[in-house]
Structure formats: C-alpha cells, structure tokens
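Turn these sequences into a full structure, and let the hints steer you where they fit.
Letter by letter, the chains look like this.
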Amino acid sequence: MGSSNLELIFDSVGHFGRPMDTVRIAVVGAGVMGLSTAVCISKMVPGCSITVISDKFTPETTSDVAAGMLIPPTYPDTPIQKQKQWFKETFDHLFAIVNSAEAEDAGVILVSGWQIFRSIPTEEVPYWADVVLGFRKMTKDELKKFPQHVFGHAFTTLKCEGPAYLPWLQKRVKGSGGLILTRRIEDLWELHPSFDIVVNCSGLGSRQLAGDSKIFPVRGQVLKVQAPWVKHFIRDSSGLTYIYPGVSNVTLGGTRQKGDWNLSPDAEISKDILSRCCALEPSLRGAYDLREKVGLRPSRPGVRLEKELLAQGSRRLPVVHHYGHGSGGIAMHWGTALEATRLVNECVQVLRTPASQSKL
Amino acid sequence: MRVVVIGAGVIGLSTALCIHERYRSVLQSLDVTVYADRFTPLTTTDVAAGLWQPYLSEPSNPQEAHWNQQTFNYLLSLVGSPNAANMGLALVSGYNLFREAVPDPYWKDIVLGFRKLTLRELDTFPDYSYGWFNTSLILEGRKYLQWLTERLTERGVKFFLRKVESFEEVSREGADVIINCTGVWAGALQPDPLLQPGRGQIIKVDAPWLKHFVITHDPKRGIYKSPYIIPGLQATTLGGIFQLGNWSETNNIPDHNTIWEGCCRLEPTLKDAEIIGEWSGFRPVRPQVRLEREQLRFGSSNTEVIHNYGHGGFGLTIHWGCAQEVAKLFGKILEERNLLRIPPSHL
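Keeping their order, the protein sequence lines are chains P and G.
In this text, residue positions in the first sequence follow UniProt numbering: the first is 1, and each later residue adds one.
In this text, residue positions in the second sequence follow UniProt numbering: the first is 1, and each later residue adds one.
The hints are simulated quantities; they were obtained by calculation from the structure and are not laboratory data.
The structure displayed is predicted, hence computed values, not measured ones.
Where hints are given, some of them may not hold.
To be verified - Computed spacing ranges between beta-carbons, pair by pair: (1) Asp289(P) / Leu339(G): 31 to 39 Å; (2) Pro287(G) / Gly286(P): 38 to 46 Å; (3) Gly156(G) / Pro147(P): 52 to 60 Å; (4) Thr139(P) / Glu274(G): 34 to 42 Å.
Heads up, the beta-carbon is just placed ideally off N, CA and C, and yes, glycines get one too.
What follows is the structure, encoded as structure tokens:
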C-alpha cells in the first residue's frame, strides 16, 4: 500500500469534523509501552486524537510473553533515583488496580515469595525494597527450603499479565476515542503529514525505525505450566531461574541470551529450565500442560525517553522515543509512560505556540 | 493384636497410619482395620479448607500447643518433596486482619516469617486497621484423605463401611484395642456433654488469581464468625460461619449470603468467581481434645479404648501430634501386655 493511500485513510479519519486545535498523535507499537502511553496521553494531554499503529497486537507482543513480575532490573545508564521513581509510579498504579474490583479483568494480582542468593550480596537491601510490600530478609527457617542458598529477600509484590492487561488498556484507549490500526510501519516518515507527533514505542523495531544500534534482543525462553498449588514466586538472584505463579498458569524460566533473535523454542532449553525450577520447587515435577514461549527483551543500557525533531528538507516531525526497557518493561511501564506523556505535552505546547510555527 | 479404628476422617486415618508405621515392624500380629459410616468425600475433614492455623488464644491444655507444632513441623518436612501436591500439601502465605491491635499469637514462631502488617498493606483492607502476615501450610482435606487411604491400603489395612452402634459390638467381635475417632458423633458411642457441633458452611469458588489466605477476626463475635478466604490447591474456600449446637447438615441461604457478602466486601474481584459448590459440616467442638485411654469391660474381657476426638476447627492443624500421642499410648498398652518383642540385635 503506497503512502499516498495511507494519507487518504488518515486524512479521512483525521480531518472529518476535527476542530482546528486537535493535535494528531500516532503511537507506534501496541505492547505495554504503546498502549499505556496512549492511555496516559488521553488522560493528560487535552485536545488531541490518538491512533495506535502496530503490526502486532496482544496476544502476539513481547509483553504477552513476559511474566510481568514487579521486580525491577537495574539500568546502568539511568540514575537510581529515576528508576526508583518509575518503579514506584508503576507499583502505585497497579496497586490501585489490584485493590479494585477490576483486578481480575486487568490481569493484576498480589503475589508473595522469595528472591534467593547463593552468596551474600554486597547490597543486601535493593533500591526498590520500600516500594514493594513487607520487604524483609528471609529467616533461617525460610532458607531451609533452599539448601543451595544462603541469603534471601521475602516480600509481596504485583504481577501484571500482558494477555489480560493489554486488552484492558486497549479498551481504555478506545473508550477515550482513540483508534487502533494494524499496519507495519517501515519508516517513521510514513506518518507525516497525517500526524503531528509520533510516539515511538516500537521496542526492538527501533533498530530500524530509529536507526538505534544500542538496542538489541536478550532472548528469553519460558515454560507456562499448570501447577496451581504453587502460590509463591521464587527467583534466583541471577535472574536465570524463576518460578512465577500467575492468574491461570505458572511461568518457569528462563534464559538471557544476548543478541539472539530466534523466536522458536528450543527443546533442550525447556528441559533445562524445568530441571532448574524443579530443583527449587520439587513439586513442579507434577506440573502439567507445559507450553513453551519465547520473547525478545528489547534491551538497552538505558531506556530511551527523549524528544527528537526529525527533519527532511522542509518537513518536520516531532518524535517522542519511549523504548528499550529490557527485562523491566512491565515493572517500569507506567512511570516511563508518564514521563513520555510529559514530553508529548512539551511537543504539543511547541506546536500550539504561534511564534514557533515559523520554525517548522 | 486386633486394632479397630472407628472413624475415617483425618483423625481416624492419620492415627491408623501412625500406629501402623510405628508398630507393624515390631509386632507381626498387628492387624488394623478402619470402620466408618462416612468416607471421603463425605467426612467433616472434606469440608475443611485445610489451612494450618490454631485458634488465636492459648489452649487450656498446653499439650495441644505442642501437638500443633509437631504437626506443622511434620508437614513442613514433607512440603519440599515432589509428592507434596498429591498429599494436598502446599505452602501458602496470607493475612490475619483485626479492627484493633491484638497480642501476637502463641504460634507466631511456629509458622514462617511472622510479622505485623505495614500500613500500605492495610490499604488493601479498608475495614481493618491491624494485622499479621505469615507463611503457613495448606493441607487439603479431600486430597490428604485420599493419600492416607492409599498409604493404608498399601499396608494392608482394611476399610469397612459400617455404622458402629457400640464399643461392645466391636469388642465382642474380637478387637483388642479400639481407637475412637468418631469426631462430632462420639456422643452416640458414649455420652459426652462437653462435645458439641460447631456448624460451618463454606462456598468453594474458582478464583485462581487469589494467592493469599485472608482471615478476618471479630473478637466480639468469636472464631470463624467473620469472613475468611482460603485458596486451596485448585479451588478457593469462602467461609465465616460458626453455629454452636446446630445439627443441620443442609446449606442454608442466609448463611450463603453472609459468606458471599462478607467475602466479596473483603475481596471485590470475587464477583467474577464461578461457584463450584457449597457444603456444610460440623466442627467437633470441645473445651479440650479428648485424647486418653479408657478400659471397658464387656463380659470377661478388658477392651482398651483410646479416645481421639473433639478437635474443633483445628483438626488438620493438630492431627499428627495427636496421632503420635495415640501411638505412644498404644505402645504403653503393648508394653503392659508384654507384646513388644525386642529384637536380639538390640540387646
């Protein structure tokens, strides 16, 4: 489909009866970042229309494979205070949902458990300890369950599951008048001039769409199994072995394979994951209905959260980049979506300031 | 040595197993049989949610506290085995909620990771202002009884569906020792004014997103009269009914509404939960567990009876400690009758 046809569709959608003031925003990507940013924009940026455009939607996004545990990673390139703020904002947002009647619809649950260490860590209390609930060190009696481990954290946190959360977000986007479009964007300029601002939430797609060589996949393979008697999460501090009980299955993981783009499950890896998890929780030997899944974490030394004004000849296209969360997508999504929305607001202010129009 | 266990709830079956495990190897003539008029899934044990948790106040008999602890430690030693789920056994964490500060329970160091709730955690429960968090165990009645039945069957213990009308009838058939595990119906074999039914009603729902138990307390109303939500291995139990002296075994609608409204208030997502079933049962309430020997004389013979009933709403919580105590008493009977053969290698 040529770009002129695309303009026709967008224009017929955008121009019909639209007041002079409406800023037309395209959000590229419909994983947790794209959808949550669309929701934030609809709530916080007045006078705009939102269209979410993606080639993949739930249940086929990376966010659908993720277990969605609110246990944040550490981004080397981001100040700790900022990470803590993002995590706290996400936690508070999901905690409000879990305490409401919508929790099950939104796929958000409370779950308690343990993060265990084979040697005593230099940092015994992580930066996020007072964000999760009831954080404390494991007692000696609790550690007896894990004879290979000498130290641990016990806490209660949240799990937010893509297959329910993404449809819940999509409902909210549509409910506020937003549109959802299935289309593969090969170049951000395809969105010009039909849209005034582009929010780029394309994850690994930014390698192409933003020419960003800093983003690379970290392949994760998991097993989603039936083991409803497992009520606690167990996470080895290396992040390689974990057991995350969810709404209707238990996620067993995992792998962290840098630079590996392969989306097909590997049977040997599945066997290895099951064996490592059974070592921590022997009752998993009775797990049934095992399903293999693969996701590519969109990894980057830090989340890219910044504005960029694309220029080509006389054409200008303001872009807000919002991608690169690696293994911390669900854990950080709302905090970074709020920040992305602030950046979008800044772009909107610029567009609405008459003096600036000569700059465009 | 013929042993007859009357009763096939958790008390009867676990006591039978404990005796068999301990004495079969040293007493070749040991023959254990179980008589009951109800087997799983029709016993009181089958209705229980199965959470290990004693009452909040210390028992009048300090031995009961000890038996609770023995049971917890025994189950904890098994929860890490691959078979745990087949036994109906799993670790579970959760909340005990109060409207005002209360002293810590005597069992706080038996369970794992006991602590008070933080203010943020209490935000989840707007009607409550104080509480505890701890990790405990679930031992699901139905699964556990099935497991006990398998273990007993492997050992050659026989089961008979029959309603025993008197100790005498069992004695005249040749029983040397009778273990009385008849629960709330013990009064039919021997009047016991201290034993009363504590009727409970529960609703089982499918709510797999709930991972924690939530037990509310209203000290003015008394134990189990306040809503509770207990996730099991597959289904979740909702309850909050305790009616002393009520022998009605049918589910009633006002109780259903009390449970449903109370639990939905506590956990609003329950509105989406599918109801699997509803059951009533009688907690065998007694000021203390009756665990003691009694010698009954029928005709020319003495029959030993060991009573083990009256475990109220904490049968699963206390069962193994009691089973071991009964086994100890049984051992004394064997000694008194010079039946314990000491193998030569031990001399």
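Problem - Unmet hints by their number, sorted upward, for this structure - result: 1, 3
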